[in-house]
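For the sequence shown, UniProt numbering assigns the number 1 to the initial residue and increments by one for each residue that follows.
Possibly wrong hints are sitting among the right ones.
[To be verified] Derived CB-CB ranges, DEER-like:
#	residue 1	residue 2	range
1	Asn37	Gln75	15 to 21 Å
2	Ile55	Ser13	31 to 37 Å
3	Glu63	Ser13	24 to 30 Å
4	Asn47	Thr80	30 to 36 Å
5	Gln66	Leu12	33 to 39 Å
6	Tyr84	Ile55	27 to 33 Å
Because the hints were derived from the structure by calculation, they are not lab data.
Given the structure is predicted, the values throughout are model-derived calculations rather than measurements.
Note that CB positions come from ideal geometry on N, CA and C, so glycine has one too.
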Amino acid sequence: MGTTANVSSTGLSGRLADFSNRLGLAWWVRVTTRTPNCVYYFGPFLNQQEAYGTISGYVEDLEQEQAEGVTAVVQRCKPTQLTYEL
């Protein structure tokens with residue numbers, strides 16, 4: 001499993017999300033898997049609803065890669081690393 005891409009990196013919305021992220025105000029999807037024991041961050045997003053709308057796709061992708069125990073939450077944060085093992 002590789003690093004995550006910024007899904008909102010194009011256009012004005014993407015630039016606003018990046019700016020919001022620099023201020024620590026962006027929304028991120030934090031996905032945790034039991035096997036492998038990892039955390040993945042997907043974002044940044046301008047608002048909570050936009051982030052929630054992407055969860056099913058991220059979970060489905062990880063489950064197709066045989067990840068188990070997948071959980072996801074939406075939170076405001078400023079991750080310094082997008083993917084890491086626990």
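Hint check results:
| no. | hint | result |
| --- | --- | --- |
| 1 | Asn37 - Gln75: 15 to 21 Å | 20 Å, holds |
| 2 | Ile55 - Ser13: 31 to 37 Å | 18 Å, violated |
| 3 | Glu63 - Ser13: 24 to 30 Å | 28 Å, holds |
| 4 | Asn47 - Thr80: 30 to 36 Å | 22 Å, violated |
| 5 | Gln66 - Leu12: 33 to 39 Å | 37 Å, holds |
| 6 | Tyr84 - Ile55: 27 to 33 Å | 19 Å, violated |
Hint violations for this structure: numbers 2, 4 and 6, all remaining hints satisfied.
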